[in-house]
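Novice: Please model the complete structure; the sequences and the hints are all you need to start from.
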Amino acid sequence: EAGVVQSPRYKIIEKKQPVAFWCNPISGHNTLYWYRQNLGQGPELLIRYENEEAVDDSQLPKDRFSAERLKGVDSTLKIQPAELGDSAVYLCASSLEGAGQNTDTQYFGPGTRLTVL
Amino acid sequence: GIQVEQSPPDLILQEGANSTLRCNFSDSVNNLQWFHQNPWGQLINLFYIPSGTKQNGRLSATTVATERYSLLYISSSQTTDSGVYFCAVIGMDAGKSTFGDGTTLTVKP
Chain G
1 EAGVVQSPRY KIIEKKQPVA FWCNPISGHN TLYWYRQNLG QGPELLIRYE
51 NEEAVDDSQL PKDRFSAERL KGVDSTLKIQ PAELGDSAVY LCASSLEGAG
101 QNTDTQYFGP GTRLTVL
Chain C
1001 GIQVEQSPPD LILQEGANST LRCNFSDSVN NLQWFHQNPW GQLINLFYIP
1051 SGTKQNGRLS ATTVATERYS LLYISSSQTT DSGVYFCAVI GMDAGKSTFG
1101 DGTTLTVKP
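Those sequence lines, one after another, are chains G and C. Residues in the first sequence are numbered from 1 upward in steps of one, following our numbering. Residues in the second sequence are numbered from 1001 upward in steps of one, following our numbering.
FYI, nobody ran anything at the bench for these hints, they're computed from the structure. Be aware that a few hints might be false.
[Stated by the list, open to error] One side of the interface only, derived from the structure: several residues of chain C facing chain G at Cβ under 7 Å:
(1) Phe1086
(2) Ser1097
(3) Gly1100
[Said to hold, decoys possible] Think about it this way: if two alpha-carbon atoms lie no more than 25 Å apart in a straight line, the pair counts; the simulated DSS-like pairs of lysine-lysine are:
(4) C:Lys1096 to G:Lys71
(5) G:Lys78 to G:Lys62
(6) G:Lys15 to G:Lys78
(7) G:Lys62 to G:Lys11
(8) G:Lys15 to G:Lys71
(9) G:Lys16 to G:Lys62
(10) C:Lys1096 to G:Lys62
(11) G:Lys78 to C:Lys1096
(12) G:Lys78 to G:Lys11
[Unchecked claim] One-sided excerpt, in silico: chain G residues whose CB lies under 10 Å from chain C:
(13) Gly40
(14) Pro43
(15) Leu91
No experiment lies behind these values; they were computed from the predicted model shown. C-beta: ideal position from N, C-alpha, C; glycine also.
Specialist: This is the structure:
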């Protein structure tokens, strides 16, 4: 079974440029998460989807960040325009369900390392 | 939101030694997971353990939900155990996932 797939793995852009990250969750997983991980810290949740619905986006900086999960499968996270402080690793995770049962186990992709110059 | 504290922040062991990592959380949780982040950045799920005890080879974990803490035990450590260990919880209210800042483990040969 394929794991969570993310692309690109690395991205270097200049500030004020747009950037997009793509995530393909494990087949059949209804819940999808986007996290941001700064150096030396734990991942911070940006947004959580249950199928197509964003059920928790309280930590998403909505002035410059946007996300979508069309058809409840793949997801895209976009930053426009990027700032120096956005340099981080962006992680995608998926779980079978989000209801606090054993199927709520999160599986992570390899992440996208973003560098903003 | 829920606060998650992990200790110690850093741990250096000689190969073959045992260790205990701790995760304290500030409120009741539906979900608690332990992850290992390897030197390449990949987060690997170790345990889903909102309560009770589980074992997988040299690793075991115990969560005492009523006292709001979880422990990860690593026995006979190997150099490949090096990396950062994270505890992540999901609260009972809104279901938000919160990670601690991790314990960085270095196992020396």
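Novice: For every hint, state whether the structure bears it out.
Specialist: Hints, verified against the model:
1. Hint status for Phe1086 (chain C) relative to chain G: holds, with the closest Cβ pair at about 5 Å, below 7 Å.
2. A least Cβ separation of about 5 Å between Ser1097 (chain C) and chain G falls short of the 7 Å threshold, and the interface hint therefore holds.
3. The restraint placing Gly1100 (chain C) at the interface with chain G holds, with a minimum CB-CB distance near 5 Å, inside the 7 Å limit.
4. Only pairs whose Cα atoms come within 25 Å are accepted, and Lys1096 (chain C) paired with Lys71 (chain G) is accepted, the gap being roughly 23 Å.
5. Taking the CA atoms of Lys78 (chain G) and Lys62 (chain G), the gap is near 10 Å; set against the 25 Å cutoff, the hint holds.
6. The straight-line distance between the Cα atoms of Lys15 (chain G) and Lys78 (chain G) is roughly 14 Å, inside the 25 Å bound, and the hint therefore holds.
7. With a C-alpha separation of about 21 Å, the suggested pair Lys62 (chain G) and Lys11 (chain G) falls inside the 25 Å cut-off, and the hint holds.
8. At roughly 31 Å between alpha-carbon atoms, Lys15 (chain G) and Lys71 (chain G) are farther apart than 25 Å, so this suggested pair is violated.
9. For a cut-off of 25 Å, the pair hint linking Lys16 (chain G) to Lys62 (chain G) stands: about 16 Å separates their Cα positions.
10. With a CA separation close to 18 Å, the supplied pair Lys1096 (chain C) and Lys62 (chain G) stays within the 25 Å bound.
11. The straight-line distance between the Cα atoms of Lys78 (chain G) and Lys1096 (chain C) is roughly 21 Å, inside the 25 Å bound, and the hint therefore holds.
12. Between Lys78 (chain G) and Lys11 (chain G), the direct Cα distance comes to roughly 13 Å. Compliance with the 25 Å bound is thereby established for this hinted pair.
13. A least Cβ separation of about 8 Å between Gly40 (chain G) and chain C falls short of the 10 Å threshold, and the interface hint therefore holds.
14. Annotation: interface hint on Pro43 (chain G) holds; nearest CB of chain C at approximately 5 Å, less than 10 Å.
15. Among the interface hints, the one on Leu91 (chain G) holds; its C-beta lies about 7 Å from the nearest C-beta in chain C, closer than the 10 Å criterion.
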